[in-house]
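> Given next are the chains, with one letter for each unit.
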Amino acid sequence: MSLPEMSRSMLKNSLLLGLFAVVTVGLVAITQQLTAPRIVAAERAAQTQLLNQLLPAGSFDNLLQDSQVTLAVDPLLGNRSSKNAYIARLSGQPSAVILPVTAADGYSGAIHLLVAIKANGQLAGVRVLKHKETPGLGDKIELAKSAWIHGFDGKSLSDPAESGWAVKKDLGQFDQFAGATITPRAVVKAVHQALRYFDAHQRELLSPGSTAVENSTGRNSNG
Amino acid sequence: MASYREIAINGLWQNNPGLVQLLGLCPLLGVSNSMVNALGMGIATALVLAFSNATVALIRNQVSDAVRLPVFVMIIAALTTCIELLMQAFTYQLYQILGIFIPLITTNCIILGRAEAFAAKNNVAKASFDGLMMGAGFGLVLLALGTLRELLGTGMLLSNMQLLFGPMAANWQITLLPNYSGFLLAILPPGAFLLLGLLIAAKNQLDARALERAKINQGPLAATPSRRVRVTGVIE
Chain E
0 MSLPEMSRSM LKNSLLLGLF AVVTVGLVAI TQQLTAPRIV AAERAAQTQL LNQLLPAGSF
60 DNLLQDSQVT LAVDPLLGNR SSKNAYIARL SGQPSAVILP VTAADGYSGA IHLLVAIKAN
120 GQLAGVRVLK HKETPGLGDK IELAKSAWIH GFDGKSLSDP AESGWAVKKD LGQFDQFAGA
180 TITPRAVVKA VHQALRYFDA HQRELLSPGS TAVENSTGRN SNG
Chain D
0 MASYREIAIN GLWQNNPGLV QLLGLCPLLG VSNSMVNALG MGIATALVLA FSNATVALIR
60 NQVSDAVRLP VFVMIIAALT TCIELLMQAF TYQLYQILGI FIPLITTNCI ILGRAEAFAA
120 KNNVAKASFD GLMMGAGFGL VLLALGTLRE LLGTGMLLSN MQLLFGPMAA NWQITLLPNY
180 SGFLLAILPP GAFLLLGLLI AAKNQLDARA LERAKINQGP LAATPSRRVR VTGVIE
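Sequences listed follow chains E and D, in order.
Per numbering that gives the first Met the number 0, the first sequence runs over residues 0 to 222.
Per numbering that gives the first Met the number 0, the second sequence runs over residues 0 to 235.
Hints are computed from structural coordinates only; laboratory data are not their basis.
Accuracy of the hints is not assured; some may be wrong.
[Stated by the list, open to error] DSBU-like, lysine-lysine: derived pairs with alpha carbons at most 35 Å apart:
# : chain 1 : residue 1 : chain 2 : residue 2
1 : E       : 11        : E       : 82
2 : D       : 120       : E       : 11
3 : E       : 11        : D       : 125
Keep in mind the model is a prediction, meaning the values are calculated, not measured.
Based on the sequences and whatever the hints tell you, model everything.
In C-alpha cells, the structure reads:
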C-alpha cells in the first residue's frame, strides 16, 4: 500500500469512526433527554415512600423532602461526610426528625440507616438504606426479610436503660440472629448513638424555624 | 445460510450462550438469585443483543475491518446505556437491585461474539432474529437458575414481581414450602455455580439420549453433538 493510499484509508476510517461516535452519543443524549424527568420522579417517589413509612401517617403534614437540614459530621452519627436530616412538622411545629446514620462496624462494611425520632425522644422507626451483610444471615435487618427492625419502634434513651441497649448475647434487650451477632450489634449501637445525638441536639433540630444546624456542639467521642 | 428454524434451535438449545458457550457467566451467576432479578436481566440482555445485532448487520458493508471492532463496541455501549436509562425511568427499584450488572451488559461476551460471528455476515432480519434467540436462550437459563435458587433458598416463587410488572404483580408470590427455613447455599454465588453445573449436566444427558435414539433410528452420524465453545470463533 502506497503512502497516499494509506493516509486516504486512515482518513476515511477515522471519519467513519467519528461519525459513529456522533450518532451513538446522539442516541444516548436523546434517550437521556426523554427519560430524565421520569428518572427524577422515580428517584423522588422511592425516597418519599421510604421517608413516609418511617413516621406514622398523620404525625406530620409537610413534604419531608422539602424540609431538610444539613448535619455536620459527628461521631455519634457515624457519617463520613455531612448528610441531610429531614424535619417532620405538624401544623408548623416540628414533630419528628429523620436522622441519617452510619454503623461503620457491620460484619462486611458500613450499614446506612435512617432513624426517625419523635419530638418526645421516642423512636418512630428505623430503616436500613444500604448494607453488604451476608444474605440469609445478617440481611434480616432489612424489613423485606424480617420484622426485626420494628423492635426499635417506641424505644427511647431511657427505655430501655443504658445497659439494655445491646443484643441479648451482650445482656441487652434486643434479639440477635442465629449465626449473625455482629450485624444487629452494630445496628443497635448506631441507633443508640443516634438517640444520644438527638438528645444533645434536639433544641437546634426542633427549633420552629430550623433550616440549618451549623457546627455541632457537645461532641461525645464515645463512638 | 442458516434458516430461521436453525437460528432458533441454535440460540435456544444447540449453542445456548449459558449452557454451551458458557458466555456471560458473570451476570448469569451474579443476579440469578431470584426470578425477578433473573427475568429483568434476561430481558435487558436480550434487548441489547437484538438491537446490536440489527445495527451491526445494517452497517456491516460500510465498515472496514480496521475500525470494525471499535464501531461494534460503540454501538453496544450506546444501546446498553439507553437500556440502563430506560430501566432507571420505568423500573427504578429493579435498576437499583441489579446495580452494576446493567452497565456491565456492554462487556457481556455474547453480545460482541454474536456481532462478530453472525451479524457481521448476515442480513438485518436474520441478525435481529439471531440476537433475539440468543438473548432468549441466555434469559431462559438465567430464569431457570433464578427459579431454582429462589425456591431452594427461600421456599417461594415469583416474589417481588411488582419491581418489574408494577403494582398488579404484588400478590403473585407463591409460597411453595411454608415454614421453610431457607437453604443459604442456594442464594450465595457458590450455589449458582453448582446449580449451573447441574443444568449443563442435565442438558448433556438429554442430548446424549437424543443422539442415541437418532443412532438407533437412522444409523450412525445422524446428529452431531453440541460443541462447547469458550471462544467467540466461528459459530454458525
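> Now look at each hint and say whether the structure bears it out.
Verification of the supplied hints:
| no. | hint | verdict |
| --- | --- | --- |
| 1 | 11/E x 82/E | violated, 52 Å |
| 2 | 120/D x 11/E | holds, 22 Å |
| 3 | 11/E x 125/D | holds, 29 Å |
The structure does not agree with numbered hint 1 stated previously, though it agrees with all others.
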